[in-house]
Structure formats: structure tokens, C-alpha cells
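Chemist: One letter stands for each residue in the lines below.
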Amino acid sequence: MERFKVNFQVNGEPVELDVRPSETLLETLRDRLELTGAKEGCGLGACGSCTVLLDGLPTRSCIVLTAEVDGSEVTTIEGLAEGEKLDPVQESFMEKGAVQCGFCTPGMILTARSLLDRNPRPTREDIIRSISSNVCRCTGYKKIVEAVEAVSSTETPET
Amino acid sequence: MIASKFEFRSPKDVEEAVRLYREFEGEAVYLSGGTDLVPRMKLGLEKPKVVIDLKRIASLTTVEDQGDWIRIGALARIFDLKQNDIVRGEFPALEASLEGTSCESLQMRGTIGGNLLQNSRCLFYNQSEFWRRSKGFCLKMGGESCNAVPGAKTCFANYCSDNATALCTLSAEIELSGPDGTRRVNLEGLYSNKAERPFEIQPGEILTAIFLPKMRSVGGYEKLRVRGAIDYPLLGVAFSFVDGTGKLAVGAVGPRPYVVEIKQPFRDTVGEAVETVLKQVKPVGNTVLDPDYRKQMIPVLAGRLVNKVMEGAK
Amino acid sequence: MDREYTIIGTRMTRTDSLAKVTGRASFTADLKLPRMLCAKVLRSPHPHAKILNIDTSKALRLPGVRAVVTAADAHGVKWGVFRYTQDHPMIAVDRVRYVGEDVAGVAAVDEETAMEALDLIQVDYEPLPAVFDPEEAMKEGAPLIHEEYPNNVNIHVHIEVGKVDEAFARAHLVREDTFHAPGEAYSTLEPYAVVASYANGYLDLWVPNAGPHVRAKALSNLLKMPLNKVRVRRINVGGHFGSRSEVSPGDLVTSLLAIKSGCPVKLVLTREENATCTRQVHDIKATIKTGVNKDGTITAKEFRVVYDGGAYSSTGPIATSIPYYVYEEAYRFPNVRYDGYRVITNKGIRGMYGCHGRAFLGGNEMQLDMIARELGMDPMEIRIKNGLKVGEETATKSVIISGGLEEPIRLAAAKANWAERRAGLKEGEGIGMGCVAVMCGFPMGFRSGSACYVKLNDDGQATIVTGICDTGMGNESMAIQIASEVLGIPVEDINLVNADTEATNLDPGAYSQAASFVGGNAVKRACEEAKRQILSFAAAKMNHPVEDLDLKDRTVVSKTDPLKKMPMRWIVREAFFQGKPIAATGAYMPKIDFQREWVKNPYGQMAGTYSFGCSVAQVTVDRETGQIRVPYFVAAHDCGNPINTMAVEGQMEGSVLQAGVAVLAEETRWSQGWLLNPDLLEYKVPLACDMPEIEPVIVRSNDPEGPFGAKEGGLTTRMNAYSAVVCAAHNALGVPLNEFPLTPDRVLKALNAAKSGGES
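Protein chains in written order, with the numbering used here: chain A, 1 to 159; chain B, 1 to 314; chain C, 1 to 760.
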């Protein structure tokens, strides 16, 4: 069977792989690179549990072929903290009680991180619009919205 | 997992892409954002020998002001496009439809061309191979008759592009490049009016660009859906008013958008225009709300939209 | 109020959240073991058929296939929660009864090979007539799905209290209405997965479960293995809501494959399989008749409720009863007749749901509003009047020991400014209220109780060992918090070993609202016993009266003289020296009447205690499109006393999504035996943009039995949120809304029906 050679960055590290052309980025991350933080919730792009950052943008890795990401940069939840130092979004999710079963959490956090990178002071409406890309069955979203709001006010003090 | 085996190619220009298509004797699919295509491959609705990724073709992603026309590269991302100044300034119906498309993350991946060429949808069709095989293949899968309307010999799948509906009100044209060269047609000319194969596209043709006449319009888009994001439209109504003429388009209730011109004063003519549409549409129980209800909502959404747009234009 | 606690009642960061925000928390599908094989299941393509023959020989010959199992490899044992409901072989023997039923399993070196092998298994079927509608299934002449259930009636629960017919005859006002709600999907974000490993005669299983001990027991029966050889291991669980309570066909298939192949085997279901082949929620049609006095006192209730049970029994009798119980636990019914029929159909298997029974509960509450309106009463007033109080008994003889309905109603109304908001409603707006009370635990024989073991380690830290299971709600953190409070050590000093049948003791599991009330009590008692031991050593070592000593900040300290203290680890080490290490067990068995039986004797004390709740929703309705929005929601919930305030709020807020907003959108859709929306695209789990502003109100009733006064946290909201929304919609529209969910097409239909029928 034909293989496809891809080079890309995962969490800052270069990766070179021969993949099946039909392999999805989620399969590559989970099965080959053992980065299981991205979850498969639906496999069809409907729920956002598999969200990773692809060149900084929240992307459903279950409907992206690994072959497509040649030359790109991928950030998974495992790559968000710097060593033991958590990203402020991770910290805020913990403090505000935005985590319940934890299955949607990696995707939610990365979606929020990307929003804050593009827009450091999002309105509540902006936050809701962004995280409406991802399904959470446990929290009712309230504490997730509050967690993201809390980061936006601490990361960028009002001037 | 995608069960079918295929090769992957990422050509640098359109000619190379078309050449690859011929090389694989047509058993090829063109990939843009993949938000429609990859799920279809996962469900076994597409089993190509090769996937030709168009994302490395730079010319397909740009938006250009060409004087009389605005040219939108087919691979422009929905998220980028909705923030484009020209789109926001000139084509509010398109802007609203882009905003209404799926959700932010998928807007960042999905392209305008991919959105236009998404296949038509049906609850009896967008299912796994196991599901479809056990139920028995329908018309759209090469079977004898429809599963949504048992016994029917017509396919009722809905074409669910939000943006096509809006673009139809803006008199959009599209550019297709294929083995026999490049042609430009009205967007409405893209549709076959047959849900099982919704597009009049020649084998190997690539949708390369969308052209919009550069005329400032007022307009809007109303979308019926159950949730505020992610969902495909259960009905989409777009309206644009350009240079004294209004165009109304109704989508997601058949294999193509239904487009009608309306003359001022709209108060008197909207009803008539909607009647024309209602005569053509036959929604059936193949999506999540009652078909009669979806039909009933056409005049409601159309009336509201036209009022809102014309109020705003004052 | 109760600020005498150090950590109980705080907004503590959950102990499991660090692993979850960093992606290090492993769920079943994340596990990888050496030589692990991939499993796939061959499923029935027919809603009802005889199996004439299964030929697996070709599949076995495919290179890379390591094992194929069918019913021939199983042991002929059928699953059912009760002896009289054991009807589900888990792998079809000679008949399939729903599309997707497990017929054979394959384990192969990779997914592709396993898929290929499925295509090579030849099964000959003889299709049989099928029936999909429960009321059709009950008719004479309908296809019989199980020989043992005449008219396909799987369970009939009959409850009769008082003189129902006489009470109706004397009632000032009688109303009868029928409500219907189709089934729902649990939509846990984690699709079902199983990892099974068999070595040395022991079977280890990792599987999203809500109670490892009951799971292991069920599997030991199905596999005919001694219970101690079946070990269900602790694993993170990506949501539950009732779906992970029972053993699942995938557990058996994967176990058999692991035993047969000698290799660890992993089965991960697709989203579609998760929806169609694990459990689903019952479709319910409820006919409700209510009689009241002039002053609004409910004098008689009569119910006929039909549950679409799918192909097998599952939790049959419990599922057939729970909607009624959570209603009678809230309100006083002097005369009541309940007939619940669970009917077998050729659809997927069903289980209990966190918000089980919306047609019944939403219907009851909407009807109560209709009655209140006819009597000129405020919906709040009629609820308070009929609400149970402490010391009263439910209709089926359960005593209420704490709480009562009035306080949650009053606090919800106060938070929502009920009267002002109601008076100020504009056209198209409505406000509604929904109430229930929920049992904390229910009769499960000797498995109704929980036991905990605690040991103090040589550095003064503690390890607690408990069967408490966490499926996402924060039970692990709750257990640690309780231990921290009792032992006077910070949470980071506590190691938790839980939900692992090899190490932990019996616990009722995380599906009968028993985790904090029963499991938490056991943890508290074990830690109190350890504390007693520590203090007794300390009294000797410090030469100080034991009654004056306490544990605080890792220290034994005098209650009266704060200068008199000693590090706890010194005492712990002293105990080791003396050969009496600090170790203790604690157990709690709720005061339940074990003569009670779901069908034969549905009377007596159901649970140790009850939590009460009231939700208030405001809606706006677009009369032209039928679209409803919920802009505002108040949930007041009597959890006794919150262990972790933030976690209790989280449960309530999640309930507003899963029950409150869901009643506008969520439903499973069918074409005969085929589920049309087995996905997360056309099954509509609400998104952030669909949610209201939520105000959670925690009500404290300080339960005399609960640990630190605690009861269950959140389920009352899950059981009454839909009532609040449907009552608000009814308030806005003024017409009966008998068909749920309240999708815009149904709303418009109801408006049109009222217009043509003249009913207001």
C-alpha cells in the first residue's frame, strides 16, 4: 500500500512520518505519537473533542488527513503547558470548575487558547461564539465561559 | 477510520491537478477544507483512488477586486471571507450566510468552494456503510427507490449550502477549469436539479473561483436550524437588493437554491415571489424538522428578511 | 452558615482536574498494552430475525485474525438486573431483536484486518416480522419478541394507595391529559470502549462504568468465572448520565476475545455504535389524571405510562418506576394509582437516564399549572400546598427526614423574583416552575451500602480505599475532601485508591445518587475511626486528655490550648513502633426497607434520604415560527449541605443543559428499527450559544444522616429542569403542549390545534 511522507511540527518538535494516505491527523497523534489528549468523540467533525491547533487555529483532527498537514505546526493539549507551568487557560479551567468528565476539555481549552491569541479581550459573546464549536455534555458551559473570561481579564489588563 | 485505500497528491497548480484526475481515470476527488469530503469518505460515501489536495495552489485562495467583478478564490476560507472588507461592505447577504455557516472552528477549515460543492444531504443517506446496507441502498446510492419516501423514484436530498443561497441573490458566476479548458457560468447553472447528483460539472472540473458583480447591495440571510451553531440549515432564505432589483433565494429544501426576482414595492410582491418558490419545493421527512413546517416557514422567513433588509436600507 | 468546617463547603479545585486539563487523564480508548489486539463486532442488519447459521471459518483464516467469538463461545447465561428479567444473551444465540445487536466479535492485529474479517463472517438470517411502536406491540397478534412476555409486556408496575376512584368522584376538579416524549441519547462524549486482558486465570477490564463492583458481578455471571477472577479497574469515564450503569454487550465480547486469543484486546465503539448498540433512553407516553379540591389540594392521581423498552429488559422494573417515584417523593398523594408498562419492541436496548421520564414529569407539572389556572392559583402556591414536608411519608411509605419541597420553591422564587417577573411578562414570554424530589440511593440488597478502608502512611499522609466511582461529577475529589476534613490533613496528602474491584470494597456505584450520601458516609466513618486511633495514641504520648485533642493542619492539637500540639506523623510513626499501624474501616448502610420490591411490593422506605429541588425557567416564544428560547434559568437544589459548592453548581448547570434546554431539541428519530440520528450532528446536544443565563441556588437542609449533612448533588435539577421549561412555554402560549420535545414544528402544531379546536 502506498505510504505518504510527511514532515511537520508537533508541540515544537519536528516529526517525520510515513503514513497511510487515508490516515487522519487524530489517528497519527493518538496511535503513532501517543498523544492521546485529543479525543475521538464522533469521528465526523461534529463535536470538537479532537480539536488541536493547526498553525494556531482550532482544527478537528478527526477530519484532517495527516498528509494534508505537511509543513504545518500542530499543538496538542500536551504541548500547551511549559514544563510544569500551566497555560493560564488550563489554570483557569481548574480554578473555575470548568472541568467535569474531562473528555471535551482538551478541545475546549485549545479552542479558547486560539481565541485569546487572536483576540486577547474577547467579549462574552465572542467567547460563546468560539466555544459553540465544541460540544460539552457535562457542564452547561457556564463555568467554561467564566474560565475563559477570567483569563482574558488577567492576561490583558485594561489600559 | 477511512476504510478505503487511496493515494494522496498535492499539486501546485490547477493544470497539474487536472492532469492527476485524468491519470487516475476519474476515480479521484478534489480536496479543499475536507469538512464535507472527509466525513463522506469515512462513511464510505466516497471511495476514490486518489485524493487531490488543492490547498497548495496559491491562486485559489485570494480575493481580488477586478474592477467590475470581485473574484473570490474557491479555496478562500469561510472564516477569512466573512471578515473580508469587500464582502462586508458590498455583499451583506453573503456575509450573513458565512457567519451562519456551521461554527467558528469549521469556518476556519471550510472553504467557500467546498461549501458550494458539498453534496446534498439526507438522514437516510449520510449514514455509515453498515447502516445503509442494512436498510437497503436508496436512489442516491444506486438503489431502486428512495428510503425517506418509500417507493419514490425521485431523490429528495437537500442541498445545504448556506452560501450558495446567498450568492444566488448576488448574481454570482463561477469559474470551472477542467480537461476541456476553463468556462464561466452562472452559479445557478451549476445545479442539475437532481438531488442524487446535484451538480452539472464535467468530469475533472475544478471550481476555481466565484465572481460577484461589484455593485453595492443591501441584503441578509435567515437560517432555520435547531441549534445556534454547527447545524446545517433546515431552510435558508437569502435576499439581496441591488440597483433597484431584489433577488430572493431559498435553500436547503431541495437539490438547489430556488431563486426569484422581486420588484418593488416588496410589500406587494414578496408573497407572489414566495408562491413561485412554494410551487417548486417538495420537502420530505429526511431531516430533523417536520417537512410541512419547513415549507410553512418559507414565507415567514422571507417576509421577515425582506422587511428587515429594507428597514435597514432606509 | 455552617462555617465550622475547614474544607467542606468550599469551592475546592477538583483533585482530578490537573490531569484532565493537561491531557494526561487516560480514558479507556487511550490505553495501550503490549500485544494488544483490535476488536470489532459484527452486528445484526435486521430488526428481528432468526439466525440459521454462522460460519466464521473464512474470517479465522484471514492473516492477522487472532480470535473470533460467537454465542457458541459464551456460556448461555442471560443478563437482566433481576432474576425475573434475565433475557439478554449479550451475544445473539439464535435470534436477533434489533438492528446493531452483537452477533460475533473479531480480534485482529489492527483495525483494518478486523474490519476485513467481519466481512468474511457468513451469517444466514431468516427475517421475522418486527414491531417498533410499543402500543402496537401490546396489541393482540403483534409479533412476539420474547416467548416469556405475552403481548410484549416486559414489566407491569402497579401501585395503588388509598381509594382512588372515590377520591376522583368527590374531587372539585379533574383533568386528564396525555403527554409523549420520544427517546433521547445519552450522548456521553466518550464513546463506549473496553480493554480486556486475561492472564493467569484473571481477567482485567477497563471500561467506562459507573460501579465496578456491580459490573464485575454481572461479568462473572456471564463468563461463569469466580467473582475474584474478574477485576474491573479504575479508569476515567467520559460522561455517564445513566448509560454506564449496566454491563454492556461489548464487555462480554471483548472479554471472550481476550480469553480466547490470550492477548489484551481493545474495543472502541464508533459514535454510531455507541448510540445504537449501547443503551438508549426510553420513549414514554404518559396519561395523567389528577383530581383536586377547591383549594388546590391534590386528592387523587391516576397514571398510565407506557415505556418503549427496546429489545431486552435491562433495568426494566426500575426504569418503569423511577419517574413516578421522584414525583411522589415531592408531592403528597393521598390516593394514587400508577400503572407503568414497559413494552418490548425491535429497537435498541434501553437504560435509566439522569433525566428519565420527561413526558411523565413535564406532563404532571404542566397539568398542575392548568389546574392552578382554572382555580385562579399561582403555580408556586399550588406546589407549596401539595409539597411534602419533613416527617411526612410518601404515598408508598417513605419517610422524609430532611428538606421538604417548600424551601427550594421559595428560594428559587426569590432568586427569580417570581412574582415581579411573572407580572412583568411581555407578549411571547412565559415563566414556569418544575419540582421533584430524588432518592439518594435505592434498594440494591447488600450492595446498597458502601465500605471504605483508610491507612495512615509513615509520613503522616493517608491512603483511602473506596469503591466510589467517578464518571465526571467529581466523586473522587469529594471522597478526598471528606477525608481531608476528618483527618485534618490537606488534600494533597491523601492518596485515593478507588473503583477497582481488586482493592476496593462494595459500593452501590455512581448511578443511584448514592455516592456522597452512602459512599461519602463510609469514607467519613473510616476516617473518623482512624482519627480516633490517632488521638488515642496522641493522648498517651502527649499525656493529655483525649477529649481535648483534635486534628488540624497535619497536627494533633489541644482544643483549649493551641500551644499544646504534636505533628501527626510522630503519632503515626509511634503507632508503627507499637505494631499497631493506624488503619481503619468504615461502612454505611442506608436505612432502607429491604422488603420493598419494585414489582411485587412497591411499598416501604425506598432510600435513606431525599433531596428536593425547584427550577424556574423563563422562555420567549416566537408565535410565528414556534421557536422557543430560554434566556433565564434558576435552579434551586437541596443537596443537604454541599461538600464542594463549585462541583454541586456544576452538576446543576449541566442539568440545565441536559434536561432544560434539551427539551427544546433532543430526541432520537427512527425509521422503523433504524436510528436516523446516531451521531452528534443530527442529535442535537445544546451548544454554548443555546444556553440561558443560569443562577444556581444551593439549598441547605443539613441532613441528619448525610456526611456533614450532605445528600446527592444535582439530580433534582436534572429531573425537574424540563418541567420548568415546558411549564414556561405553556405559560407563554396558553395551549396544552402534549408532544415533547418542544421543537418549533411541534409548538406550531399545538398552536394550530388549539386554534381549530377552540381550546385555550
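Don't read these hints as lab results, they were simulated from the structure.
What you are looking at is a predicted structure, and each value in this text was computed from that prediction instead of being measured.
Please note that a few of the clues may not be correct.
What the hints assert, rightly or not - Mimicking DMTMM-like on lysine to aspartate or glutamate, the simulated pairs with C-alpha atoms at most 20 angstroms apart in a straight line are:
{"no.": "1", "chain 1": "B", "residue 1": "49", "chain 2": "C", "residue 2": "116"}
{"no.": "2", "chain 1": "B", "residue 1": "47", "chain 2": "C", "residue 2": "119"}
{"no.": "3", "chain 1": "B", "residue 1": "194", "chain 2": "B", "residue 2": "180"}
{"no.": "4", "chain 1": "B", "residue 1": "5", "chain 2": "A", "residue 2": "84"}
{"no.": "5", "chain 1": "C", "residue 1": "58", "chain 2": "C", "residue 2": "110"}
{"no.": "6", "chain 1": "A", "residue 1": "85", "chain 2": "A", "residue 2": "70"}
What the hints assert, rightly or not - If you want the footprint, here are the derived chain C segments under chain B, 3+ residues with CB under 8 angstroms:
{"no.": "7", "stretch": "108 to 121"}
{"no.": "8", "stretch": "671 to 681"}
Stated by the list, open to error - Going by beta-carbon spacing under 10 angstroms, a handful of chain A positions derived as facing chain C:
{"no.": "9", "residue": "38"}
{"no.": "10", "residue": "45"}
{"no.": "11", "residue": "118"}
We put the CB at the ideal spot given by N, CA and C, even for glycine.
Chemist: Which earlier hints can't be squared with this structure?
Modeler: When the structure is compared with the hints, numbers 3, 4, 6 and 11 turn out to be violated.
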